[in-house]
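Q: Order-wise, the sequence lines are chains A and B.
Just so we're aligned, residue 339 is where the first sequence starts under the working numbering, counting upward by one.
Just so we're aligned, residue 493 is where the second sequence starts under the working numbering, counting upward by one.
Quick caveat, the hints were computed from the structure, so don't treat them as lab data.
Only a predicted model underlies this, so the values are computations on that prediction, with no experimental measurement involved.
A couple of the hints might just be wrong.
What the hints assert, rightly or not - Below are the BS3-like pairs computed for lysine-lysine, each with C-alpha atoms no more than 25 angstroms apart in a straight line:
1. 513(A) / 673(B)
2. 724(B) / 380(A)
3. 389(A) / 521(B)
4. 681(B) / 380(A)
5. 380(A) / 551(B)
6. 536(A) / 344(A)
7. 673(B) / 389(A)
8. 653(A) / 536(A)
9. 521(B) / 513(A)
10. 496(A) / 536(A)
11. 380(A) / 661(B)
12. 746(B) / 359(A)
13. 681(B) / 389(A)
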Amino acid sequence: MSVKEKFELKLGAATREAFGKALVELGKADSNVVVCDADLSKSTFTHLFAKEFPERFFSCGIAEANMVSIGAGLASSGKIAFVASFSAFVLNKGFEQLRVNVAYSQIPLKVVGTHSGISIGEDGPSQMSVEDLSLACSLAGFTVISPADEVATFELVKLAAYHDGPIFLRAGRVKVPAIYAPGQKFELGKAITLIEGKDITLISTGLMVAECIRAAAILEDEGVSAGVIDIHTIKPIDREAIANAAKNTGCIVVAEEHFTSCGLGVRVAQVVCETNPCVMEFHGMGDYYAESGTPEEVLVHYKMTGKDVAVTARKALARK
Amino acid sequence: MQKTSDIGELQAIARRVRRHIVTMIGAAKSGHPGGSLSAVETLVTLYFDVMRHDPANPKWPERDRFILSKGHAAPVIYAVFAEAGYTPADSLNTLRSLGSIYQGHPDRRFIPAFEASTGSLGVGLSLGLGMAEAARLDKSPARVFVMLGDGEIQEGQIWEAAMYGGFHKVDNIVAIVDYNKIQLDGFVKDIMEVAPLADKWRSFGWNVIELDGHDIAALQQAFADAAAMKGKPTVLIANTIKGKGVSFMENNPKFHGVAPTKDEVEKALQEIGA
Ligand SMILES: Cc1ncc(C[n+]2csc(CCOP(=O)(O)OP(=O)(O)O)c2C)c(N)n1
Ligand SMILES: [Mg+2]
Chain A
339 MSVKEKFELK LGAATREAFG KALVELGKAD SNVVVCDADL SKSTFTHLFA
389 KEFPERFFSC GIAEANMVSI GAGLASSGKI AFVASFSAFV LNKGFEQLRV
439 NVAYSQIPLK VVGTHSGISI GEDGPSQMSV EDLSLACSLA GFTVISPADE
489 VATFELVKLA AYHDGPIFLR AGRVKVPAIY APGQKFELGK AITLIEGKDI
539 TLISTGLMVA ECIRAAAILE DEGVSAGVID IHTIKPIDRE AIANAAKNTG
589 CIVVAEEHFT SCGLGVRVAQ VVCETNPCVM EFHGMGDYYA ESGTPEEVLV
639 HYKMTGKDVA VTARKALARK
Chain B
493 MQKTSDIGEL QAIARRVRRH IVTMIGAAKS GHPGGSLSAV ETLVTLYFDV
543 MRHDPANPKW PERDRFILSK GHAAPVIYAV FAEAGYTPAD SLNTLRSLGS
593 IYQGHPDRRF IPAFEASTGS LGVGLSLGLG MAEAARLDKS PARVFVMLGD
643 GEIQEGQIWE AAMYGGFHKV DNIVAIVDYN KIQLDGFVKD IMEVAPLADK
693 WRSFGWNVIE LDGHDIAALQ QAFADAAAMK GKPTVLIANT IKGKGVSFME
743 NNPKFHGVAP TKDEVEKALQ EIGA
């Protein structure tokens, strides 16, 4: 079956919306689930939980640092506590609190950052987060999750809730193509190989996974067999999947909606260096901040499309 | 740019600014009309009467500084910049589109007249204090004005800054709280009450002036009183109406961050008048 036949990539819900719906389901099943918000409940979709369970919803106002520590207090008292805001705000404003009250203290708080990457579009760089994976991964003991679509988000949020440790989950603003069928099983730390390839492996996370599938389809038309791996858990990373891809294809492109200097790519490279060194290229944001535009315009301008990933793949293949 | 203290003239500028705000957000199909409209009179009074600045020389070292700490209200300052001659008025409708100088939030990379790139709430007052301290060190007459949202002041850093301003007697700074009683998710009283505002600021050592933030004469008087106040920073608690000037936006939390439709733009422009 060709890549195009296998993946229809029909537009599904935004991952932030799937997060909000998963919270409601969790809240129904378990009265221990609580949610904190910092005046963005309509944007993060925690308003769905707030409506169902007002007594378990804590409005913190525009005060993300305070919210993180309140969440840590709730979590250390046995609650399954979620705190949510835009990724840029909860991580940047709450970083000290995440480091000391959560990571260092080993508190199983669930931190969700929505509106990640540059695909938020119009609001521009002050609200875009292109360093969140780096920040979250630098928190010792954190599990860092970055789902690619609605189904993945829904399942991973539920897994995150009952994971015995702190979590950061990265969600996006815009509707994204559906990759997984309902019922797909996920396991934290276990990457999903969506396409087996012979010549090159495209490794990605979040909304760039769908673009890597598009790139694989383009490359397939050119006679190149490109594999695609979805790293939905950035930390701990699936070393085996990466080592195998390096061994089997000898050529890897990592694509991400993040600074390439400190995101998924460098983490994959670490594993590749330690296992089966091979040709690698890194596709994402360079050392600059983006600008405003519609999400589509911004993604095209900053080369976050399948076509662009295919260009980088050709560059990697030429070096092989 | 022609400066004026004439209230009728300032009101006419305010009407033009409101028209720009509604039109550009309508064209962009996204943006924050409510908090832009509530801040119109304050910005017009500052830029066209009170502040010492020169659109032909935006980096004049002795200029007064203005920081829009509530950066999402960018459309109001874009309209003021265009009216003052800092930036072109004919491209205001490119707001929020790729390549436009009129970015979603104030961006110094595109408009040098901005003292700060803002959009993440809570940081502007501290930044302003640094500028005010630099001016005092340089014996510069420059004064600093910082506009804050009433939701924004829920950020802890605002109160760290408030404590600094009072303790260090930074009397060349003026904070303005756009007290429109609404934030993103709803009314401030339902999200995280900030009242009693005057008492809070007073207890941090600030000279507090409460006024109607749509009354230009009151604003002129308040800024004059602030300039005369020695040994204390001043905060203006500007009682305003979110969405002011457009009936269906006034006091309506929906229009915090939702653009008017084409019909709504027409209706709004009729209400604002020429
Ligand atoms: C640190 C931070 N947290 C959250 C936001 C998202 N946000 C944008 S505007 C807004 C509400 C602001 O309310 P207020 O300060 O009252 O502004 P105004 O009513 O004048 O529009 C929020 C929460 C942000 N921009 N920055
Ligand atoms: Mg407000």
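Q: Decide, hint by hint, whether the structure agrees.
A: Now for the hints, and whether the structure bears them out:
1. 513(A) / 673(B): 32 angstroms, violated
2. 724(B) / 380(A): Violated - the C-alpha atoms of residue 380(A) and residue 724(B) are around 39 angstroms apart, more than 25 angstroms.
3. 389(A) / 521(B): The given pair, whose Cα atoms are some 28 angstroms apart, is violated under the 25 angstroms limit.
4. 681(B) / 380(A): 17 angstroms, holds
5. 380(A) / 551(B): With Cα atoms ~40 angstroms apart, residue 380(A) and residue 551(B) exceed 25 angstroms; violated.
6. 536(A) / 344(A): 17 angstroms, holds
7. 673(B) / 389(A): 22 angstroms, holds
8. 653(A) / 536(A): 16 angstroms, holds
9. 521(B) / 513(A): Distance of about 18 angstroms is within 25 angstroms: holds.
10. 496(A) / 536(A): 34 angstroms, violated
11. 380(A) / 661(B): 40 angstroms, violated
12. 746(B) / 359(A): 22 angstroms, holds
13. 681(B) / 389(A): 18 angstroms, holds
Comparing the model with each earlier hint shows violations of hints 1, 2, 3, 5, 10, 11; every other hint is respected.
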